[in-house]
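**Student:** What follows is each chain in one-letter form.
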Amino acid sequence: MEIAENILLTIATASTPLLIAALGELVVERSGVLNLGVEGMMVMGAVCGFVLTATTGSPWLGLIGAVFAAALFSLLFGFLTLSIATNQVASGLSLTLLGLGLSGLIGEKFVGIAGQKLPSLYIPGLSDIPLIGRLVFGQDPIFYISLALVVGVMWFLFRTRAGLTLRAIGDNHESAHALGIGVIRARYLAVLFGGACAGLAGAHLSLVYTPQWVENMTSGRGWIALALVVFASWRPWRVLAGAYLFGGVTIGQLHAQALGVGIPSQLLSALPYLATIAVLVIISRNRRLTLLNTPASLGRPFVPNR
Amino acid sequence: MSHVQPRVPLLEMQGIRKEFPGTLANDDVSLAILPGEIHALLGENGAGKSTLVKMIYGVLQPDAGEMRWQGSPEHVASPREARHLGIGMVFQHFSLFEALSAAENIALSLDDAPEASTIVERASRVSQEYGLPLDPLAMVGDLSVGERQRIEIVRCLLQEPSLLVLDEPTSVLTPQEAERLFETLEKLRADGRSILYISHRLEEVQRMCDRATVLRQGRVVGACDPREETAASLASMMVGKDLKPVERESVHDRGEVLFEIRHLNRPAETPFAVALRDISLQVNAGDIIGIAGVAGNGQSEFFEAVSGEVLQSEPDMVRLCGTDAGALGIGHRRALGAAFVPEERLGHGAVPSLSLSQNLLLSRHASDHAEFLGTAGWVQRARLMAKSRAVIEALDVRCGGPDPAAGTLSGGNLQKFIIGRELDRQPRVLLVNQPTWGVDAGAAAHIRQALIELARNGSAVVLISQDLDELFEVCDAMAVMHDGELSEPIPREQATLETIGLLMGGASMGSAA
Amino acid sequence: MQLALVRRQYPSRVLSVFTPFIAFGLTLLAGSIMFAAQGLDPLVTLYTYFVEPLIETWSLHELAIKAAPLILIGVGLSVCFLSNNWNIGAEGQFVVGAITGSALPVLWPDFANFATLPLMLLFGVLGGCAYACIPALLKTRFNTNEILTSLMLVYVAQLLLDWLVRGPWRNPEGFNFPETRIFNDAAILPELFSEYGRANWGIVFALVAAIGVWLMLRKTLKGFEVQVVGASPRAGRFAGFSSSRMVFFAFGLSGALAGLAGIAEVAGASGQLRPVISPGYGFTAIIVAFLGRLNPLGIVAAGLVLALTYLGGEAAQIALGLSDKVVRVFQGMLLFFVLATDTLIHYQVRVTGGTTAGDSRGDR
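Sequences listed follow chains X, P and E, in order. Every position in the first sequence, counted from 1, becomes a number in the numbering used here once 228 is added. Every position in the second sequence, counted from 1, becomes a number in the numbering used here once 1 is added. Every position in the third sequence, counted from 1, becomes a number in the numbering used here once 156 is added.
It is worth saying that the hints were derived from the structure and are not from the lab. For glycine and all other residues, C-beta sits at the position ideal for the given N, C-alpha and C. Treat the hints loosely; a few may be bogus.
What the hints assert, rightly or not - Okay, the calculated bits of chain E under chain P, using three or more residues with CB under 8 angstroms as the criterion: (1) 158 to 164; (2) 369 to 383; (3) 386 to 396.
Let the hints inform the model, and build the full structure from the sequences given.
**Tutor:** What follows is the structure in structure tokens.
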């Protein structure tokens, strides 16, 4: 019983950053922008969250700082692709490369310092219920935020006028512009939201998952989040499913390594990446469906007014 | 002018100027629209009509000039402000969202953001009132162009506009659909609304419009009552000179069958594509056969299949110059003597960022391998340049510099180059898709004449076009494509606008004839 | 205040030559601010960083060693990016090329003759090429996004290398260090002028590849095909060019060159496989490709510049105690500015006080 609960808990912990980062990117892509800088924004969130926590002593301040720092960082991408219409793929890569470099520099003095963990929820009685107690009532605050985000993003996209506007922009930015919708402004907001989410996801890594700073500690999670958005066909609840699937694979292989199942640990470590590829292949195979689901203006630069 | 009206104009534009890099789109344009009139804005492609109406609707901002609304000066900074004033707009290339439903599309243009159920209810009321049936829950991507246009119009009418701007609304409709649109517009006029009607189709304008303003090369060249003019006088006002009519002798030699389609089937590959169903067609040397139809009924899919951009399941589905070509790629089909001109100039028939000589190589590298390529695929630039010059001269292509990028040419001139590139080979079979779409009248006449001459010199020509006037002017027979099916070709002498129109709308051969 | 872009009628030729320099200048400016923020004299630091490594001969040799893989990979990537194939897994192809090339001296250390090195290079090329063909296959066959798959394969390749040097390929006489045996002499890439420095044949491969690919792109039908398919796939189809063959060509070529860079690096600079064999060459080469404006000859210059950032980073670390992390920040900023200035070639940027149509009032 105890073991099962622990495994489920660790799966939730491993899945949460993927879920949050992917949700943010989903909103960005729904607006027609492809931001490949998730990894860079996430690692910026991780380092800023850790450094702020270590210097102020408050993981809460660290958390907020991480969100703001990554959102600010995403503005660089916004400026490139939205204000001066550069290639989105290249600009996203530049954001990732810059983020990995900058985070290394910022966190240099903090390598090897023991961090502070964001406290988990504890409700006497409820959190002690066997099996489900800690799962439902005893997790870290970001876990609850991530679930709220799923509901919130679904509500925003499909129940609000702003969400409808965002989807319209992602479908056809020229039409949106012709109707007088502020395409660039809406996309800036989406990119900022994506940045904030990536920052939150990064903070989860350095404040909850492994409370310490290691260079490149995101180790490809930003990219997996990008793949999750494709996997989810741009639907929030499928991101939830996908993130937990990947969390499961990650934790599964970690347990397999710990048990020493006789398979090289490197092969097990490669599993999440191989699983990503496999899942992408399966989901993209149907060209018709992919076309139908992909926001039609995704990745295309937009310059208003000639 | 006979219509000197004391009323204050609803909308008045004065001294409007708008410049884009390399073109002066509007120069000192003035225009006044009275309450309750249908006002035509006439002009050929590239005259600056769309630019002007985009400024009226606030999508573009004029560089100079003044706009007055009901007598008081206004600066329309955005479409939202235009809507607030009471201006509604139906765009030529619709401003709809394919992945959203009709109701969602409508909601997006309503600034007061009502509830979804209210929208559906209001939309169905308006659509009944003006005879514009639509299904609010249908995905726009699944609808025909006519249905899409109805959504656009209903969307405008829900804002209760006092001025409705329609940019080339009939260019995508069958004659019968156009007829229904005219009825709607007349109802709107009877309600006291004004309509700015943009077109280059003179009969429509003469029939419906109270006054007309004519634009040529960005300037106003005349304002008149279209009913007091003849089609010829309007045309010469638009074009600025008398156009030489296309010459075509109807009696000619016919040779062997050079182009043959046999039971061509092709499933739809994308959600918005049209499946081709059992298409058959034969064209003899010397003939021009037209394929009429509303855009989006399978013409692009047909072009892809016949050109060899997409291969067929059976080799004999497409026969070119007496050879089964269904399993051959586009390069091989060209080598057999066929040539192809696609609808889209930029990004399909030509690469905008590449020079004209490179664009020559685009379609000629396979058919003229020996001439333009050396060993190991080494490109013979000098020869390409010389050939490109020859094409430029033969078709009177106007361009800056000896070898400019294709994207810098005007639509008409680039189209002349693309057609000239193929004509230069004297192809035995030519398939062209919408060759004069968006092309100015002079270039269009030039292109049509060139097609006739090619056919009369012994080639088989297939012309896909939405422009019925063009088809009647050029073709020896016409078939109609509707929803992926092709009718029997009807000889020109027996074809009427009405029968072709009915077939375009989906009537069967027996009931249309 | 807002930026408005006005498309130029013709792309600016002058700017297309000068934007890389402007970008480099802006990077230096931003770098100075960064140095000043760390309490260092910007001019002294920039001198140490970007000039000192160029003064001494041995250090020019080091520059060539670092530039060779960057140019090789960058040249291959230019073909990918021009044809609109986003291979960002060159790092993985580099690693796999190093592994397949090293198989010979690691598994058959006694096979040491004139054929050893050519065979190693060949295996390296084939390994990198084959590894790059995986995302190409997935893209053409299953419509899978090549950006994500090629990147995921980087992690896989690095883990594969890690497993090999810690497991089956570990040096039996190596005291359990995670590295392979030292290659025999026949398996070492010769130095060019060994009395002056360590530069080896890698830089020659790089220059030959750059010139070859430049000729291909500029003068042959294949190069024309690359440009057409990249600029507009539909026009490519109209021309009769197969887009899936182009995917394999671009990925295959860039993978082969990355693989060559990988085996040349191992057979040249290090002489054995270790868990980490690249300071991110595969990713830095993306910057090289863009800084060189996707022109192979420009990429030669860009490769030297980026190699200088590595060398300068080492020099500044030793002389001034500057963090070695600065290197990647510099590289990241450089790409940022390259992309930003690229816009100037196609657009005039105007600062407007007012607002443009769509953006004046949002619909929210």
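**Student:** How about the segment 369 to 383 of chain E: do at least three of its residues have a C-beta closer than 8 angstroms to a C-beta of chain P?
**Tutor:** holds (count 6)
**Student:** Check whether three or more residues of the segment 386 to 396 of chain E sit with their beta carbon closer than 8 angstroms to a beta carbon of chain P.
**Tutor:** holds (count 8)
**Student:** Are there three or more residues in the segment 158 to 164 of chain E whose C-beta lies within less than 8 angstroms of some C-beta in chain P?
**Tutor:** Check passed, 3 qualifying residues.
When each numbered hint is compared with the structure, no violation occurs for any of them.
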